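Undergrad: Just so you know, the sequences run in chain order L and C. Each residue of the first sequence is one higher than the one before, counting from 1 in the working numbering. Each residue of the second sequence is one higher than the one before, counting from 224 in the working numbering.
By construction, these hints were calculated from the structure, which means they are not laboratory data. Bear in mind the structure is a predicted one, so any value in this text is a computation, not a measurement. Any given hint might turn out to be false.
Said to hold, decoys possible - Straight-line alpha carbon distances no greater than 30 Å define the calculated BS3-like cross-link-like pairs of lysine-lysine that follow: (1) LYS52(L) to LYS297(C); (2) LYS297(C) to LYS74(L); (3) LYS144(L) to LYS367(C); (4) LYS74(L) to LYS367(C); (5) LYS11(L) to LYS364(C); (6) LYS49(L) to LYS297(C); (7) LYS367(C) to LYS148(L); (8) LYS289(C) to LYS52(L); (9) LYS10(L) to LYS297(C); (10) LYS371(C) to LYS11(L); (11) LYS364(C) to LYS10(L); (12) LYS141(L) to LYS384(C); (13) LYS74(L) to LYS371(C); (14) LYS297(C) to LYS11(L); (15) LYS371(C) to LYS161(L); (16) LYS144(L) to LYS364(C); (17) LYS30(L) to LYS66(L); (18) LYS275(C) to LYS74(L); (19) LYS367(C) to LYS11(L); (20) LYS384(C) to LYS74(L); (21) LYS174(L) to LYS141(L); (22) LYS367(C) to LYS389(C); (23) LYS148(L) to LYS297(C); (24) LYS195(L) to LYS49(L); (25) LYS234(C) to LYS89(L); (26) LYS148(L) to LYS364(C); (27) LYS384(C) to LYS144(L); (28) LYS233(C) to LYS401(C); (29) LYS141(L) to LYS371(C); (30) LYS418(C) to LYS253(C); (31) LYS74(L) to LYS234(C); (32) LYS275(C) to LYS66(L); (33) LYS367(C) to LYS141(L); (34) LYS74(L) to LYS289(C); (35) LYS364(C) to LYS397(C); (36) LYS389(C) to LYS148(L).
Listed here are the chains, written in short residue letters.
Protein chains: 2
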Amino acid sequence: MVGIAIARKKKCIVVLSGGPDSVTVAYWAKKRGYEVYALTFRYGQIADKEVKHATMISQSLGIPIKVIDLSSLKDVFVGVTSLCDRNIKMTSDFSQPIIVPFRNAIFLSAAVAYAISVGAIEILYGAQGSDEAFYPDCRTKFYKAFEKAARLGTDTNISIKAPLSKLTKAEVIKLGAKLGVPFHLTWSCYLDMDKHCGKCESCINRRKAFREAAIPDPTEYAE
Amino acid sequence: MVGIAIARKKKCIVVLSGGPDSVTVAYWAKKRGYEVYALTFRYGQIADKEVKHATMISQSLGIPIKVIDLSSLKDVFVGVTSLCDRNIKMTSDFSQPIIVPFRNAIFLSAAVAYAISVGAIEILYGAQGSDEAFYPDCRTKFYKAFEKAARLGTDTNISIKAPLSKLTKAEVIKLGAKLGVPFHLTWSCYLDMDKHCGKCESCINRRKAFREAAIPDPTEYAE
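One chain only, chain L, in its complex shape (with noise of 0.2 Å):
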């Protein structure tokens, strides 16, 4: 008997929020020739320019990218978080982390039930390491667990990975360069303004990471 053998590719959803991190994990897993399926959501953040930054940089990548809305949860986030709220006071000095709570749970969870309709076994999202102190739902021991219970809770093998979660973020930069990511596409502001505003949290976030590459920061910051 003679087989013929068709490789199929592995397809994995990649939760894309239009940053640097979570479109190296896009690119990353392009290069290691998943199937590439990007899932960003609206959930009421003000710098939903975050969703046309993802689908330029799918576009880009040549990968389908789905835009899920749940922007009625801004009715939960609102007073919570000031990346929903603009009442709410954004601090940019690192003395409260501006969390929006579970929503990267929310997040997953979508993303496993868009696994299961495409016939897809693994999510990768944009956990890095340089993250870890700061926010809960982008530590190992969290997505583990969601792993867990997203097996439990879907009887399948699903794994969820977090495959920067061992870099820094300048880290991240270094092989997002090596990857060609086109970094001028990423958003990170958590504004909305025609460029990046240099001074919220993840602005200088960004700045630094770059900057501890010393990769060129092609952003264009407001000052």
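Take the given structure of chain L and dock chain C to it, following the hints.
TA: Frame of chain L; chain C shown alone:
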């Protein structure tokens, strides 16, 4: 010093679908002295009238309800489940349990975020014993694993509980009757007709439970 003790009610979130199980949980929690916050969801379900019924129940119980519109998830669930896709034949012979993949995890994730926003430390949902065999996201081992992920992902001691997990659906109906649940206001049917269809899996379960509990079933079935 004379202290004045002010008894503060413990707050909880009840994920309320408007069906007899989750409604019984809400009545149970109110009876036990919780300050109950109901949370209900649109997720592209054909039986969208669940939301109307959940709202009527909340009014009847005198608790606030928040309706979160996740109907954009329909994009994920279409092609996957007959509860959201009229082109998929709805089985009613229990040959193939009708599953919306990881739906309860999506709801519980949003409930965790809501709990943090209102300062609740418990989330209750209506998983009951008769569902255990069919729906992985109704199983005790699932919600215990999810609770662990929720604690790690929020750096809190939040609890996820399914107070009915040891009861059969018939026992839930008995308990609900004792608690004064207005069963005529609850909705189980997977369809969106004026009356319960009487023939879908959910109607069959409802009918059977009332019969087994020997509680008069106030439901109007189409047939």
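Undergrad: Give a verdict on every hint.
TA: Hint check results:
A distance of roughly 21 Å separates the Cα atoms of LYS52(L) and LYS297(C); the hinted pair therefore holds under the 30 Å criterion. Restraint check for LYS297(C) and LYS74(L): the C-alpha separation of about 19 Å stays at or below 30 Å, so the hint holds. The straight-line distance between the Cα atoms of LYS144(L) and LYS367(C) is roughly 14 Å, inside the 30 Å bound, and the hint therefore holds. Distance hint between LYS74(L) and LYS367(C) is fulfilled; the C-alpha atoms sit about 27 Å from each other, no more than 30 Å.
For the suggested pair LYS11(L) and LYS364(C), the alpha carbons sit about 28 Å apart, so the restraint of at most 30 Å is met. For the proposed pair LYS49(L) and LYS297(C), the alpha carbon gap of about 23 Å is at most 30 Å, so the pair holds. The hinted pair formed by LYS367(C) and LYS148(L) meets the criterion: a straight-line CA distance of about 10 Å does not exceed 30 Å. Taken as a hint, the LYS289(C) and LYS52(L) pair is honoured in the structure, with Cα atoms around 29 Å apart against an allowance of 30 Å.
This hinted pair checks out: LYS10(L) and LYS297(C) have alpha carbons roughly 24 Å apart, not beyond 30 Å. Simply put, LYS371(C) and LYS11(L) have alpha-carbon atoms about 28 Å apart, close enough for the 30 Å limit, and the pair holds. Distance hint between LYS364(C) and LYS10(L) is fulfilled; the C-alpha atoms sit about 29 Å from each other, no more than 30 Å. Restraint check for LYS141(L) and LYS384(C): the C-alpha separation of about 22 Å stays at or below 30 Å, so the hint holds.
Distance hint between LYS74(L) and LYS371(C) is fulfilled; the C-alpha atoms sit about 25 Å from each other, no more than 30 Å. For a cut-off of 30 Å, the pair hint linking LYS297(C) to LYS11(L) stands: about 21 Å separates their Cα positions. At roughly 18 Å between alpha-carbon atoms, LYS371(C) and LYS161(L) fall within 30 Å of each other, so this suggested pair holds. Between LYS144(L) and LYS364(C) the alpha-carbon distance is near 15 Å, which keeps this suggested pair within the 30 Å criterion.
Pair hint LYS30(L) plus LYS66(L) holds up; C-alpha atoms about 17 Å apart against a cutoff of 30 Å. A C-alpha spacing of about 21 Å is found between LYS275(C) and LYS74(L), which places the hinted pair at or below 30 Å, so the restraint holds. Only pairs whose Cα atoms come within 30 Å are accepted, and LYS367(C) paired with LYS11(L) is accepted, the gap being roughly 29 Å. Restraint check for LYS384(C) and LYS74(L): satisfied, since their Cα atoms lie roughly 25 Å apart, inside the 30 Å limit.
Proposed proximity of LYS174(L) and LYS141(L) is supported: the alpha carbons are some 25 Å apart, at most 30 Å. Annotation: proposed proximity of LYS367(C) to LYS389(C) holds, straight-line Cα distance about 14 Å (limit 30 Å). For the given pair, LYS148(L) sits about 25 Å from LYS297(C) by alpha-carbon distance, which is consistent with the 30 Å threshold. The hinted pair formed by LYS195(L) and LYS49(L) meets the criterion: a straight-line CA distance of about 11 Å does not exceed 30 Å.
Between LYS234(C) and LYS89(L), the direct Cα distance comes to roughly 27 Å. Compliance with the 30 Å bound is thereby established for this hinted pair. Annotation: proposed proximity of LYS148(L) to LYS364(C) holds, straight-line Cα distance about 10 Å (limit 30 Å). Between LYS384(C) and LYS144(L) the alpha-carbon distance is near 21 Å, which keeps this suggested pair within the 30 Å criterion. Simply put, LYS233(C) and LYS401(C) have alpha-carbon atoms about 23 Å apart, close enough for the 30 Å limit, and the pair holds.
Distance hint between LYS141(L) and LYS371(C) is fulfilled; the C-alpha atoms sit about 10 Å from each other, no more than 30 Å. Between LYS418(C) and LYS253(C), the direct Cα distance comes to roughly 28 Å. Compliance with the 30 Å bound is thereby established for this hinted pair. Under the criterion of a C-alpha separation no larger than 30 Å, the hint pairing LYS74(L) with LYS234(C) is consistent with the structure, at around 21 Å. For the hint linking LYS275(C) to LYS66(L), the alpha-carbon distance of about 29 Å falls within 30 Å, and the restraint holds.
A C-alpha spacing of about 15 Å is found between LYS367(C) and LYS141(L), which places the hinted pair at or below 30 Å, so the restraint holds. For the given pair, LYS74(L) sits about 12 Å from LYS289(C) by alpha-carbon distance, which is consistent with the 30 Å threshold. Between LYS364(C) and LYS397(C) the CA atoms are separated by roughly 25 Å; this keeps the pair inside 30 Å, and the hint holds. Distance restraint check for LYS389(C) and LYS148(L): the Cα-Cα separation of roughly 22 Å lies within the 30 Å cut-off, and the hinted pair is therefore satisfied.
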